[in-house]
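Trainee: Chain by chain, the residues run as shown.
Protein chains: 2
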Amino acid sequence: MPSTRRHALATLAALGGASLADAFAQTPQAGAAPASKRLQVLMLVHPDMTALDLVGPQLVFATMGDVDTHMVWKDLSPVTTDSGLKLVPGMTFADAPKAPDILFVPGGLKGTTALLQDEETLRFLRERGASARWVTGVCTGVLLLGAAGLLRGYRATAHWYVQDILPVFDAEPSADRVVIDRNRVTGGAVTAGIDMALTMSAMLRGDDKARTQELAFGYAPMPPFAAGTPELAGEALTKRVLESRAPAISAARRAAEMARQRWAG
Amino acid sequence: MPSTRRHALATLAALGGASLADAFAQTPQAGAAPASKRLQVLMLVHPDMTALDLVGPQLVFATMGDVDTHMVWKDLSPVTTDSGLKLVPGMTFADAPKAPDILFVPGGLKGTTALLQDEETLRFLRERGASARWVTGVCTGVLLLGAAGLLRGYRATAHWYVQDILPVFDAEPSADRVVIDRNRVTGGAVTAGIDMALTMSAMLRGDDKARTQELAFGYAPMPPFAAGTPELAGEALTKRVLESRAPAISAARRAAEMARQRWAG
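For the protein sequence lines, the chains are A and B, in the order given.
In this text, residue positions in the first sequence follow our numbering: the first is 1, and each later residue adds one.
In this text, residue positions in the second sequence follow our numbering: the first is 1, and each later residue adds one.
Hints are computed from structural coordinates only; laboratory data are not their basis.
Don't take each hint at face value.
Same chains, same label: a pair holds when it works inside one copy or across any pair of copies.
Okay, derived cross-link-like pairs now, DSSO-like style, lysine-lysine, Cα gap no bigger than 30 Å in a straight line [what the hints assert, rightly or not]:
hint, residue 1, residue 2
1, Lys37, Lys110
2, Lys86, Lys98
3, Lys86, Lys74
4, Lys74, Lys239
5, Lys98, Lys239
6, Lys98, Lys110
Given the sequences, and given the hints that come with them, work out the whole structure.
Mentor: What follows is the structure in structure tokens.
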């Protein structure tokens with residue numbers, strides 16, 4: 001089955017059979033929720049995460065209308081991201097709503113690898129993911145969804161250099177930038193989170209809202225070089241980047257395999 | 001003169017006459033600095049800023065190699081951005097290097113408008129901007145560079161809904177996504193910061209470095225709708241967005257005009 005058609009069908013399934021056109025035609029007016037029905041979005045923050053993985057989606061989610069975004073972590077101390085930027089969590093795991101509308105997990109190779117070995121975080125993701133309306137993640141953060149058992153039998157994407165680790169968690173890897181499979185929505189490397197979140201905004205609030213967001217955020221990107229995928233960058237550069245990341249990618253794979261082994265126990 | 005050629009000449013001027021090809025041909029190897037020569041990047045953080053304005057450029061700057069990025073504000077208390085995300089400053093105005101390599105200012109309409117009336121911040125920008133090697137900003141933050149007198153006689157861009165305020169500060173407005181005029185580098189709305197920073201990465205560290213960053217960050221964007229500029233979004237949507245922002249844009253213009261009047265005093 002062609003991948004586009006499979007996506008469309010998966011989306012339909014997630015929407016309970018409504019047509020894709022219907023799903024995208026929800027206007028912001030029609031989608032406006034009473035205060036008691038504001039969407040609750042839980043976004044994991046953690047040490048050594050990549051801030052941009054989260055900050056693009058957070059802006060999109062926060063401006064969809066009738067949404068509360070919560071930055072969640074074990075405690076409320078600032079976390080230092082992998083580029084040195086410090087973010088402050090706004091809510092602890094213990095206080096996070098039990099049935100969020102959206103659960104979101106950012107990546108960051110070193111931080112992801114650490115959390116693949118952290119049962120407290122994986123348990124939090126497993127529990128909230130089981131009751132979340134949408135389970136989402138980008139970049140290497142998708143591995144954490146996998147380790148929490150949330151991608152078994154699902155098609156998913158991730159940062160291009162860890163996509164082939166997804167089968168460790170019984171997920172079907174995709175090289176697409178954004179993948180929707182039923183209520184799992186995943187994005188590729190770092191900047192793919194913006195496209196993932198805009199796609200969700202269109203699904204949840206209508207394409208008029210998503211178009212308004214693109215306009216407000218000036219989202220007509222012009223990458224100065226066309227090198228944002230291995231195909232575009234070419235073999236030589238891709239090989240060089242992979243080699244420079246090889247120890248970190250290997251460590252992520254080992255951590256993923258150990259996390260998978262703990263499922264049996 | 002066609003705008004592309006004017007940009008090229010402006011860039012040449014900024015580079016002291018080196019050819020544009022030379023500027024982009026600096027390899028990361030050639031550009032690698034000893035520890036004592038790490039680039040010092042000062043990035044303003046402030047209440048009601050738009051986090052994504054800063055977080056894209058911060059990731060690009062921080063990974064150019066041999067760079068220290070400093071988030072600067074009046075004090076070190078967390079600032080709450082306009083989407084609710086909290087960032088922690090890492091350095092006070094008082095402690096910021098006197099002659100930074102890059103000074104960067106993010107936007108956020110409400111936060112910018114407040115700072116247009118804040119002499120302490122404008123003085124900081126004026127002083128550091130006078131000695132900075134590169135003076136940069138994106139979105140509405142460009143107005144703060146203008147208010148600090150750093151854009152007099154310079155061509156600059158900004159968020160599309162405040163570009164026409166730039167002449168208040170004797171700057172020549174441009175609708176381009178990224179504008180380089182001598183050592184002033186400005187970007188349009190929110191996401192333009194990523195393109196601005198990658199352009200600077202290529203100038204300062206060579207195009208191989210910028211290509212590597214595009215690949216590592218998966219920067220092959222696929223906006224789900226093609227609505228990221230007024231031209232792409234069309235008149236009806238643009239009018240609606242402008243109307244919804246009209247009071248805030250008017251407030252920014254009034255604050256800009258008052259800031260300009262203080263130059264005389």
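Trainee: State the violated hints by number, sorted upward, taking the hints as numbered earlier in the document.
Mentor: Hints 4, 5 contradicted; others consistent.
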